[in-house]
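K.L.:
What follows is each chain in one-letter form.
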Amino acid sequence: MTSPTLSLRGITKSFPGVVANDRVDLDVHAGEVHAVVGENGAGKSTLVKILYGFYRADAGQVQLDGEPVAIHSPEDARGLGIGMVFQDLVQVPAFTVAENVALFLPFALGGAALAGRIVKTSQQYGLDLDPQAPVWRLSVGERQKLEIVKLLLARARILVFDEPTRSLAPHEVAALLDVLTRLKRDGYAVVLIAHKLAEVLAVADRVTVMRRGRVVASLPRAEASEATLVPLMFDESVREPAPHRPAAASRGVAAVELRGVGVRAEAHGCGLAGVDLVVEAGEVVGVAGVSGNGQRELGDVILGAVPCATGSKRLGGQDATRWPVARVRASGVAFVPDDALGLAAVESLTVLENAALGDPRRYARAGGLAMDWPAARDDQAQAFTRLGFPVPSLDARLGTLSGGNVQRAVLARELAHAPRLIVALNPTRGLDARSTAATRRALLDARDAGAAVLLISEDLDELLALADRLVVLFRGRIVGAGRPAELGVETIGHLMTGSVPADRG
Amino acid sequence: MAETPRAALLRAGGLLAVGLAAFALLLLAFGRNPLRAYVDILASTLGSAYGFSETLVKITPLLLTALAVAVPGRIWLINVGGEGQLFMGALGATWAALHLADWPRLPLLAVMALLGFAGGGAWAAIAGVLRARGWASETISTLLLNYVAILLVHYVVFGPWRDPEGLNYPQTAAFSDAALLPSLPGSRVHAGLLLGVLALAAFAFVVARTRWGLEMRAVGGNAEAARRLGLPITRYVIVLMIVGGGLAGLAGMAEVSAIQGRLRPSLSPGYGYTGFLVAWMAGGHPLGIVAAAFALAVITAGGDILQITQALPGSVANILMAVLLFVVLGRAGARA
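Those sequence lines, one after another, are chains A and B.
Residues in the first sequence are numbered consecutively from 1, following our numbering.
Residues in the second sequence are numbered consecutively from 1, following our numbering.
Isolated chain B, as found in the complex:
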């Protein structure tokens, strides 16, 4: 895992190239022009100020959900629960937005962020404790808890928190203005991006510079030795799961606060899972996460355009991501 930045970027780029090549074959098989498709994707995302801003909008949750995987991943924990943790964060933030609607902006946003972090963190903590006690694999429990979290959100928007004036749509009432994260004028790019970048920088700093980073690298590198060196392994398991889940929760908070303005079941097109892909493409390396998040944001944002220009179903972007995941996991498996 300890790669140089250059190697990490090369790796992410190489994996992306292999995935894109495989997807091109698929497009060819359907009689489409892959080159044209990629040009369309790039033109629609990076070719205009609007397209670029939409790419930044998609990067924001991906940075945070990738960290949700990379932070516990520093010590061999596999968190597949980013999606559920994101939903729980959205739930926590929404509670504050609905119940403290008359608070002024800064304290309200702070509480929303805090509850967003707490929601995702608490959700991941369940899996962390189960793992630390040796009762259940965090890979399985985080995956299964995703469904519970998503259904919980469904429950509140269909039931207790449903907007009475919402024409029976399953959604909460719109948040007050004070509960909305500030955005750049004329775009949907919001302060969540700053949160993501700060979190990434903090992660890089902690791992490289601090005592805890050293200890994490030791636990990650050799748990048997770490145990005999007296490093608190169970504490790291639980804390890193909480931090990871909390960051996914922050992504959920940012989505409801800045993009949706209310809680809806459709708040995430699978950011949690895409974040998993980002983290694995990057091998957990912070710069690699930036590169991979950017690439996948382009694919997510540009996928829609293929519907129009190539008459392909909107789910082709998912196929492309699935192909990428296979490439990444195949490589990880070959190294193991």
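Bound-form chain A, shown alone:
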């Protein structure tokens, strides 16, 4: 083959206390998809951020067509033909597709000419976009297509995708993989950062495995398989099988019961309308849906952080429609969100202080003038032990912990006092395989101990592995319900994206 389109040589980048990239080499040729896989914290994101000019490498070189180049900013990267499709898409919702493209292009182009180019390019790659559609009406999958069209019209030659399938429904994933194949055929160099090996193996021509900041292997497609990659990605071959245990028997007591619950939509949010939902003690009820269809609102309304605009809510048989959060929590409701540092914990406080915040009154002494830190310490250490987690330094500030350890700390706090209902919102998002398995096991153990678990997740595999019953949330409504096996992946995927009219309720 000729010299690679993109070549990274000895890229090294340290942050205080951690080497995120350690002498990383990577070659990407035109007309191939090069996948980069690895655990959370393996250094994949850092690498692409260096490539795109967000970070500056401490050492190493980026070469394009064999020539060294300097990339100090995203503008530099774009000027050199490097395009990036982020996990969180950068678009103006109020603008049309065409306007968003025009904003991005480095040269002026508008009107019919632009619309024509958008239609032509999108048809060529099966992207299927209406230039006049306002972006806020597009689904996540369509917005991702818009992002790709933007890059293609801006004449990018190297396309970098950072976990592009994370919030897509199954049939959208298939469509994206098809797009990647077409891009490769037309001579683009594609870098695919990914978690899910099945997707990687479907399109990649070469797979590079990173672990702890280093490249541990780079295999041609022919040599790559799940069996070869998994041991390379993880220190030991610990890929634990997803713990699928059906509920012994639900006990017929409703831990939470929503009847016709509606929530007003906030800015950029999605409300809820007419939600009926019951979670009984001893079962896991999964809520499937594409991000932004009312998941966060569902968690918040049960917790009491947002009010029910309509309908009623009962917790453990009592009318709790108007309860404030403190009372809801005191009645035994635990909340485990994905974005722990955003929604559940305070990074400037220590692990111990965060633990005490789960129930400050429990540890208050002398009417609040003092705190019983030894008791809080004991409780939290026991909670860690019971969950089988290593006990971290309880005096470390939470912000200094890794994402997986933050999630463990929140889980330990929330599960410390035998909750009756656990509301988990994407509890394993962003966690590596080991932390994911630990979190899932903790939820199932709590269920087996008699807790009701409401698992709101965008990860369909997770729902299929854990949920005893499943409902599908679309645009704030429940559009389907049933046992996971009865529904089937295809049906769930279509319900999630609203492509099939609701036929069950």
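Hints are not guaranteed to be accurate.
As the list claims (entries may be wrong) - Looking from chain B toward chain A, a few residues come up when the C-beta cut is under 10 Å (computed): (1) Gly-213; (2) Leu-214; (3) Glu-215; (4) Arg-217; (5) Ala-218; (6) Gly-220; (7) Asn-222; (8) Glu-224; (9) Ala-226; (10) Arg-227; (11) Leu-229; (12) Gly-230; (13) Pro-232.
Derived by calculation from the structure, the hints in this document are not laboratory data.
For glycine and all other residues, C-beta sits at the position ideal for the given N, C-alpha and C.
Let chain A serve as the given structure and place chain B on it in line with the hints.
P.N.:
For chain B alone, coordinates are given in the frame of chain A:
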């Protein structure tokens, strides 16, 4: 905000040094000797027992008005209304001093302190409620309420409470002896200093040790998480505004009771605003507040001396404080 005491002191000291250096350039531009000016300031304040006692006199209101900013500041509230809250506290205390003039000393002083606290607290509560309901930013409302409070004091001293025997000066009659806070013999250092130190110690204790302190730090650190943990955020907004305003009100009570002995419109040379500067220099840290209050008290007390020794206008001290404020806010902005 959670800094070690050492870091807090270093920070306050560093900011002060940058501000002093900038002011020195200004003096140089006017053909004055900055070194000489600083020596004059230090000599006039720390160089004699009298000068030192005057510095303590200035520290007293600054500790309280800095707390008026630092207490609500613990949860991202920005109280710019220390000056108005101080005036309202002075108003409340004066009411007691004039209407309960025949009471014995201890109960009278207690009621004056209570009404001083209540006056400042009620004033800040307006802004607190407006913020808690999401109707108005406390930064704007506290700032604007300053003018209302100052004009209210003007109204009473020009009108209903004017001393009939005061030769038409806009001021109330002198307080009875029982309404005067005790002072150290031979100086103007008064019991208000004790109030300030106690309030500061109580603040440090509450934040570090108590359940409410933990909850405040959580609300301050992450309001979204605090809401989902069931912490009563609106209650904290209102209560902390009241406590902050009340402490500024206590400063007003101490000034009328110990320094002025009556209510005058000129009761404060901007202690409320200087207190804001102190709190921001200190990053809200209690020890930093002591250090910054001390430094600014020296500047306030020593500023006058520059008029005499350097033939500079008396407002140069204000210029120096303005320079300091720019340095502090510039640094805060750079971190945000």
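K.L.:
Which of the numbered hints above does this structure break?
P.N.:
none
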